[in-house]
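Protein chains in written order, with this note's numbering: chain A, 1 to 107; chain B, 1001 to 1156.
In case anyone wonders, no lab produced these hints; they're calculated from the structure. Be careful, since some hints might not be right.
[Said to hold, decoys possible] So the derived label-pair ranges between C-beta atoms look like this: (1) E50/A with G1027/B: 26 to 34 Å; (2) E23/A with T1112/B: 22 to 30 Å; (3) V58/A with R1010/B: 22 to 30 Å; (4) G1027/B with V59/A: 19 to 27 Å.
[Stated by the list, open to error] To give an idea of the interface, some chain A residues facing chain B are shown, with a C-beta separation under 7 Å as derived from the structure: (5) L16; (6) S18; (7) V19; (8) Y20; (9) E46.
[Claimed, not checked] Short, incomplete list of chain A residues facing chain B, as computed with Cβ under 10 Å: (10) R32; (11) V33; (12) D49.
In this text, a Cβ means the ideal position worked out from N, Cα and C, and glycines have one as well.
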Amino acid sequence: MILYEIHRYRQGSWHLDSVYDSEELAIREAARVEQSHQVDAVRVVEVYDENNPARNRVVYRSGEVELRREAAPRSAVGEIQITTAQIAGIIAVGVVALAVWIYLYLH
Amino acid sequence: MGDVQPFERRLVLRLLNHWREWAGERGMPEPGDVVREALGDCLPHCFMLTPTDDGVLTFTFVGSEHAGEIGADLVGRPLDLAPANSLLGQAVRAYRDVMARRVPITLGGEFTDRNGRQILYRSILCPLGDGTPRALIGAANGRGVVVPIEQMHAAQ
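Just chain A, same shape as in the assembly (with noise of 0.2 Å):
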């Protein structure tokens, strides 16, 4: 059987809340959780199999403890976009340097 799990973020870690047999259910009770009770973060856990949590996915999140966790993968696309930049930079400076060369040889 397919679980879901509320859990609460507080004090610096999760706390399971909540289960339920129902995805509408448990992202309808966290939401109410969220705008309720004194918590940094709500989510909702699928569970499929206890024994293997790897299987388990996150179906809603909130809060600023998620939101936190996905600006990580913003700044590293950020950082990819820098270094393109730079080589792209690499390559006209080779290109140009590569023509002057050429030019100079030639006369």
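Once you've looked at the hints, dock chain B against the given chain A.
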């Protein structure tokens, strides 16, 4: 967001809301925190179990909907006397998991009642205790499933 919550009509989420209010900042409320009067029109669908001196979980309250369905008064009787072909019997199935995990568990499904009707139900079971669960409060409701006439003929 403000504190005003939209009215939740689902029985299981309404009981869960009461349970959270009774718990406050604690992990779970104690049996003495339960205010039956606050349950309003949920009350006929609710039930409560507390352990006897020898640790047997026993019904201390059974809502009128369940009592009517079963046709017997289970107050003072152990949990395992709830018939499997009743809403109450289905609702208490998860009690070991609730005791072990220490959190409310909501389950639904289908079963055949004592009149042979297919019943689609949803239930919730919530722990009560001083950090360690020792009692339970729960609720369940359901409705009959309409079987298509073709399916009825096929079954005959």
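We went through each hint and held it up to the structure:
1. Checked against the given bound of 26 to 34 Å, the beta carbons of E50/A and G1027/B, roughly 20 Å apart, lie outside it.
2. Separated by about 26 Å at the C-beta atoms, E23/A and T1112/B satisfy the suggested range of 22 to 30 Å.
3. Taking the beta carbon of each, V58/A and R1010/B are about 24 Å apart, inside 22 to 30 Å as hinted.
4. Judged by the Cβ atoms, the range 19 to 27 Å given for G1027/B and V59/A holds: they are separated by roughly 24 Å.
5. A least Cβ separation of about 5 Å between L16/A and chain B falls short of the 7 Å threshold, and the interface hint therefore holds.
6. For S18/A, the interface hint holds, since its Cβ comes within 7 Å of a Cβ in chain B; the closest pair sits about 5 Å apart.
7. For V19/A, the interface hint holds, the least distance from its beta-carbon to any beta-carbon of chain B being 5 Å, beneath 7 Å.
8. The closest approach between the C-beta of Y20/A and any C-beta of chain B is roughly 5 Å, which is under the 7 Å cut-off, so the hint is satisfied.
9. Interface hint at E46/A: violated, since its Cβ lies 15 Å from the closest Cβ of chain B, which is beyond the 7 Å cut-off.
10. Interface hint at R32/A: satisfied, since its Cβ lies 7 Å from the closest Cβ of chain B, which is below the 10 Å cut-off.
11. Nearest Cβ of chain B to the Cβ of V33/A: about 8 Å, under the 10 Å cut. The hint holds.
12. Using the Cβ-Cβ criterion of 10 Å, the hint placing D49/A at the interface with chain B is not satisfied: the shortest such distance is roughly 15 Å.
Checked against the numbered hints above, the structure breaks hints 1, 9 and 12 and satisfies the rest.
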